[in-house]
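Asker: So you can see what is in the structure, the chains are spelled out below.
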Amino acid sequence: MKGSLYALVYAAILGSTCALLLTAAASFTAPYKQANEDAEENLNILIVLKVPLQADVSSKQLVEIFETNVREGKRGEATTYVYFPPEANGQPRAIALQFSGPGLWGPIKGFLALEPDMKTVRGITFYEQEETPGLGGEIASSWFREQFEGKSIVDENGNPGVIIKSGGEPTSNKVDAISGATMTCNKVEAMLNEAIKRIRETE
Amino acid sequence: MADNQRPACVSCNTHRLCGGRGLLTLKQGAWASNPLAIQVLGICSALAVTNRLENSLVMGGALIFVCVGSNLLVSLLRKRTPHRIRMITEVAIIATFVIVFDQFLKAFYWDMSKQLGPYVGLIITNCIVMGRAEAFALQNPPILSIVDGVANGLGYAVVLAIIGFFRELFGTGEIFGRQVLSGQWYTPNQIMILAPGAFFALGIVIGVFNAIKGPEPEEKKP
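These protein sequence lines map, in sequence, to chains A and P.
Sequential numbering from 1 applies to the first sequence in this note's numbering.
Sequential numbering from 1001 applies to the second sequence in this note's numbering.
If we strip away everything but chain A, and leave its shape as in the complex, we get (with noise of 0.2 Å):
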């Protein structure tokens, strides 16, 4: 009983003590990872925008390029991330919106690209998804998102939204599903369309 009650409390001390070196650790590093959570965001933004950057730039630098071609703004509840490059007098060049939503095994969050009509897709990308492997976790290889470059997000009749499906007549807002994956395809097209309807509501 008294062994019992010795290591008892010996796990309590322990287990407190690691508890509390983690918490150190942890909150030390917390603005640092942080920072660099940020300069993620911002590459992704950059990249889907097609701000021309250099192959490996910093993480300070990636907050400059941001800052001096990208301005943050709101249409209804939707944030953008608006591309004006210094050299075009505030023309836009460029407007990205971020879209999320839960994929087969787990949270799937890109960002989409769209040319200055606000109709035509300029980009995609998906920076966190957990799809199989091979399958739907193809949505992120570069031949599944670049076949969403210059298509429409609204069909002929003015209609905002995206099909991915395989088959049937082509149109300008369809691209081919990827085989195999039709549940993360099918949220994945759910998630565009949420994301295309309250960007378009706002019209």
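Treat the hints as calculated values from the structure; they're not laboratory data.
The C-beta atom is built at its ideal place from N, Cα and C for all residues, glycine as well.
Treat each hint with caution, since some may be false.
[Stated by the list, open to error] Subject to a maximum C-alpha distance of 30 Å in a straight line, what follows is the list of computed DSBU-like cross-link-like pairs (lysine-lysine): (1) K1114/P / K50/A; (2) K109/A / K1114/P; (3) K50/A / K74/A; (4) K33/A / K1106/P; (5) K187/A / K1114/P; (6) K50/A / K1106/P; (7) K2/A / K1079/P; (8) K151/A / K165/A; (9) K1106/P / K60/A; (10) K119/A / K197/A; (11) K1114/P / K33/A; (12) K119/A / K174/A; (13) K33/A / K50/A; (14) K119/A / K165/A; (15) K60/A / K1114/P; (16) K50/A / K119/A; (17) K174/A / K50/A; (18) K1106/P / K109/A; (19) K187/A / K174/A.
[To be verified] Calculated Cβ distances over 10 Å to all of chain P for the following chain A residues: (20) K50; (21) V51; (22) N69; (23) T80; (24) G90; (25) Q98; (26) Q129; (27) K165; (28) S172; (29) R200; (30) E201.
Here the structure of chain A is known, so what remains is to put chain P in place on it, guided by the hints.
Answerer: Relative to the frame of chain A, chain P by itself:
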């Protein structure tokens, strides 16, 4: 063992802190019973992170840090730790060191942290660290346990660096991201970057280590 019966240290010929077994411990851990090449432990991470030399070095550094830290603490606490909860004590100590290292990477070495992904966190379950704590630090004084931690961490790191070097060299023709083998006559062999290349490289390294070391002496049966 009484103090005067203890053999003098092979390296310094005195009865110093290491208990006269410092050099032997170092040699054992880093070479004679190398955790990767001889004991074949910690294979998972060795296969996963060795596609680039830089990754391999950081991972090796992480293991040295964790091994030294956990060995030291386990050894310091060895007389106070209740026998029944010694394993959970070891895991708690190891986990603390691993997470501290992981946080450090995430704060100051973001790209590397992303490339290593979950494998830094998985050091917690690395058999080498746990094995050294359980088999060595629990029975030995702190200084000697540090030596053992360095030795085993080094043994792991060196093998990782060797594998990483050859995988990056043959897989991309680069070392530390710099072109070494000219693209004019060398076509990078993609398989070395992918998982099968890791198995080939590790197998060859283990084979070479065992060939140099010679066959294991047969255990004498009583």
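Asker: For each hint, tell me whether it holds in the structure or not.
Answerer: Structure-based check of each hint:
1. K1114/P / K50/A: 23 Å, holds
2. K109/A / K1114/P: Answer holds: K109/A to K1114/P is near 17 Å, not above 30 Å.
3. K50/A / K74/A: With a Cα-Cα distance of about 20 Å, the restraint between K50/A and K74/A holds, given a limit of 30 Å.
4. K33/A / K1106/P: 6 Å, holds
5. K187/A / K1114/P: Holds, because 26 Å separates the two Cα atoms, which is no more than 30 Å.
6. K50/A / K1106/P: 27 Å, holds
7. K2/A / K1079/P: The hint holds at about 17 Å.
8. K151/A / K165/A: Holds, at about 14 Å.
9. K1106/P / K60/A: 16 Å, holds
10. K119/A / K197/A: 12 Å, holds
11. K1114/P / K33/A: Distance ~12 Å between K1114/P and K33/A Cα, so the pair holds.
12. K119/A / K174/A: 13 Å, holds
13. K33/A / K50/A: 26 Å, holds
14. K119/A / K165/A: 20 Å, holds
15. K60/A / K1114/P: Satisfied, since the Cα-Cα distance of roughly 18 Å is no more than 30 Å.
16. K50/A / K119/A: 17 Å, holds
17. K174/A / K50/A: 22 Å, holds
18. K1106/P / K109/A: The given pair, whose Cα atoms are some 21 Å apart, holds under the 30 Å limit.
19. K187/A / K174/A: Answer holds: K187/A to K174/A is near 15 Å, not above 30 Å.
20. K50: Nearest chain P Cβ is 22 Å from K50/A, so the label holds.
21. V51: 20 Å, holds
22. N69: The claim holds: N69/A sits with its nearest Cβ about 22 Å from chain P, beyond 10 Å.
23. T80: Since the minimum Cβ distance to chain P is about 26 Å, T80/A lies beyond 10 Å and the statement holds.
24. G90: The assertion about G90/A holds, with a minimum of 34 Å to chain P.
25. Q98: At about 20 Å from chain P, Q98/A clears the 10 Å cut-off, so the statement holds.
26. Q129: 14 Å, holds
27. K165: Nearest chain P Cβ is 32 Å from K165/A, so the label holds.
28. S172: 37 Å, holds
29. R200: 35 Å, holds
30. E201: 36 Å, holds
Comparing the model with each numbered hint stated earlier shows that all of them hold.
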